[in-house]
Structure formats: structure tokens, C-alpha cells
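Undergrad: What follows is each chain in one-letter form.
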Amino acid sequence: MSPNKDQSLIQTLNPLQRTVLIALGAASIAVGAFIAIPLPVSPVPIVLQNFFILLMALVLGPKMGTASVALYLITGALGLPVFAGGKGGVAHFYGPTGGYLVGFLLSAGITGAVSGIGAKQSSMNQQKPVEMSLPESKKRKERVKIRVQDVAAVAAGVFTVYLFGVPWLAYKLGFHWTKALLVGFLPFLPGDLIKATAAAALAPHVRRLLRKEFFPYAG
Amino acid sequence: MAPSLIFHHIPGTTPLHRINPRWKLIAYLAVSPLAMVSPPLYLGGLTLLTFALYIWIRLSPVSILKEARPLWVLAIILLTFRTLSNGIESGMLETTRFAWLIFWTHLFLASTSTGDIRKAIGSFLQILPKNLGKRIGLALSITLLLFPLFLDLSREILDAMTLRQFGSNRSFLFITKRFLMIFLRKAFRMAGSLSQALEMRGFQ
Chain A
69 MSPNKDQSLI
79 QTLNPLQRTV
89 LIALGAASIA
99 VGAFIAIPLP
109 VSPVPIVLQN
119 FFILLMALVL
129 GPKMGTASVA
139 LYLITGALGL
149 PVFAGGKGGV
159 AHFYGPTGGY
169 LVGFLLSAGI
179 TGAVSGIGAK
189 QSSMNQQKPV
199 EMSLPESKKR
209 KERVKIRVQD
219 VAAVAAGVFT
229 VYLFGVPWLA
239 YKLGFHWTKA
249 LLVGFLPFLP
259 GDLIKATAAA
269 ALAPHVRRLL
279 RKEFFPYAG
Chain B
1219 MAPSLIFHHI
1229 PGTTPLHRIN
1239 PRWKLIAYLA
1249 VSPLAMVSPP
1259 LYLGGLTLLT
1269 FALYIWIRLS
1279 PVSILKEARP
1289 LWVLAIILLT
1299 FRTLSNGIES
1309 GMLETTRFAW
1319 LIFWTHLFLA
1329 STSTGDIRKA
1339 IGSFLQILPK
1349 NLGKRIGLAL
1359 SITLLLFPLF
1369 LDLSREILDA
1379 MTLRQFGSNR
1389 SFLFITKRFL
1399 MIFLRKAFRM
1409 AGSLSQALEM
1419 RGFQ
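One line per chain: the protein sequences are A and B, in this order.
Position one of the first sequence corresponds to residue 69 (my numbering), numbered consecutively onward.
Position one of the second sequence corresponds to residue 1219 (my numbering), numbered consecutively onward.
It is possible that part of the hints are untrue.
To be verified - Label pairs and their in silico Cβ distance ranges:
#	chain 1	residue 1	chain 2	residue 2	range
1	B	T1231	A	Y239	49 to 57 Å
2	A	L250	B	F1342	38 to 46 Å
3	B	L1391	A	P255	16 to 24 Å
4	B	D1377	A	P258	38 to 46 Å
5	A	Y239	B	S1341	33 to 41 Å
6	A	A269	B	A1270	29 to 37 Å
If you're looking for bench data, these hints aren't it; they were derived computationally from the structure.
Ideal placement from N, C-alpha and C gives every residue a C-beta, glycine not left out.
Use the sequences and the hints to build the structure in full.
TA: Take a look at the structure:
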């Protein structure tokens, strides 16, 4: 099932289920800041915070993905240690990394929107027959299209974070833009690209999990 | 002293439990950012105050040291990098701030139920239209409920994978993918059950 069909399905959830899914997204992003995966090639471990931001945007769509990130930012602003490095507090929004936090919010919206391009409102009952009636070649084409759309979405999401993060970093620390890029963009780009690729690769599986738990009869 | 799970609510009747949750939320919000910018002497005072509160409500701070293992791994990483970049003094100060925030947050969440937090936030955000304040309060309280559960879940999965020697002869990508899929499957299941339970209790 394509991401846009999944996003249409999510629209059929009741407000309570949507609230729980938004909270699930926010809690996953917060926990992601604590899951440090050591890399064999680098002394700096990978933290899964922005991986979960991209994944939740791909799976939940632009509105709920953005709401999840907003809730995560509120949780961090309240002082809970959920920002990268186990930090928290409203002061981080004014600090040098504040641009990245705002970037996360917009990144979720853009990732969800790009991944859901072509979404149409459709009821749950319409999903299964359409899926089943597709011939194998068309299904394969559809799967490739979904992958391409997801990769484009995460790429757009990653660059949106830097689009806000790097200028704010340069402004707050008085850096020239080349230095800001060297300090706040280039060192993190390889890790982010790995996480973005992983998010795009896992998204179809996670959509299937979500469907299984929340739409067991949708096929 | 009662052992405690990190960031979980511990029901009780201590004076700290009985304080109005709105005041506790205000105190938590006011003190947290203060500690992030305070000089070492004040931070020392706040640390003493926090431990005094732990003793007052009979919570064991030692059990948190055991429970919050992933957080202490982060603390060691923070200490190493800060020390290497800004010197040992800065490294120690930043790590103490981090550790203090963990203890302070735990103290707040251990003595305040998610239901109380939901009501407190809902009452502060009453001014928002269309019950938005209540909705935000509910979403925030569910996040605060799920956050420690997910922390425990990730630790449980990692422990189980280690015990079963899952990592031997497997690629790094395979292990990470497996971990994430198990984590997300259990997380979605937990969320599904939670939404059903809330619906049964009349939440909308």
C-alpha cells in the first residue's frame, strides 16, 4: 500500500487514536535521543532522534508528523532531558542549536508532504479491492514509485533541518557562513544521510506494522 | 527506601505527592532552566536540595543509577567530549548539569501522576479554543507515560539480544534493523492497547 493511501487511512482514525499516535511519535523521538548506536568507523555514536523524526513523518503524514515533533519540542521545552545529549529546557530554542529544533518541525511537515504527494481522501473500504485488482507489474511499479518518493521526502527533510539550523548557528555564534557549514553541516551530513536512508528503507515495513495494529481489517 | 524505575510515577502519600500538581509543574519549569545556566555553587545547592527531597519522599536515588544505564552512557560520552574540547572543569560541570536534570525530572515524574500532569497542563491552556488545551494536555501526558515505557522497552530488547548473542555472525545493519522493528512493533501494540483503554474510560 502506498504512503498516500496509508495517510488517507490515518485520516479515518478517531481523534483519540490520532492523539495516541502523535504521542507515540513524540515519545519515540525522545527515546531516540537516548539510543546511541556505536559505529565501527567513527568514535561518535549515532543517535536516533532525527531518524525517528523522518520515520514518523513518513509513516504518520505531514500533519500528525509535525504534531509529533511539536509535542516532542514542547516536552523538551518543559525541561525534560529529551533533546540531543540528554538536554532540555526552553533556553535551547534561543541557543546556537535552536535553528535545528525549528528545522525539525518543518522537516517533518515537508517529509510527510513529499511522501504523501497525490494523497486522496478515500475510505477504508475502498483500499483493499483497488490493491488486489492491480496486476503484478503495476504493483512493482507502484513499489518503486513509493521508494523514490520516500527517498526524495527524507532528502528534503534532512536539508530543511540544515536550512534553518546553519544560518541560526552562524548568527548566534557570529560565524562566517563557510565556517558555519564546516561546523554545523558537514560533520553531521554522513550520519544524517545514513539515518535518512534507514528511515526510507524501514518506512514500508513500519507502515505495515501500523496497519496491522490500527487497521487489522483494511488488508 | 523504595526502588524506582526511571521516569515512572510512583504512587504515594508523601507531602511531595500531595502538593497541587500545578504548583509542582510551575516549580519544575522554573528550576530546570535555572540550573542550566547557574554557576557551580548554586548547582551544588540544587543538587543537595534534590537529594534532600529524595530522602524526604523515601525514594532511593541509588536505584536510579542502576535503572538509567543508557543515560549514564550518554553522560560518559558528554564528559569525554566536553573535557576534550573545553577542559575537565567544563566537562564536569556539563555532566553534573545533565545528571541533575535526570534526577530532578525523575523526582517530578515519580511524585506526579500523568493524569495530574494532564489536568495541570489542561488548566493552564484553558484559554486555547476548541478544547485544544485539553487535547495538548492529554497528548503530553501520554507522551510522558510512553517515554519511560519506551526507554525500558529499548533496554529490554537490547538486553535480550545480548543474552541470546544475537550480534554474533550478523551484520551491523541487520542487528539495527531487527532492533528497530521489534521496538516499533511493541510500541504500536502498546499504543493500540492504550487507545482502547482510554476509549473505554470515556476519553475522546
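Undergrad: Compare the structure with the hints numbered earlier in the document and write down the numbers of the violated ones, lowest to highest.
TA: 4 and 6
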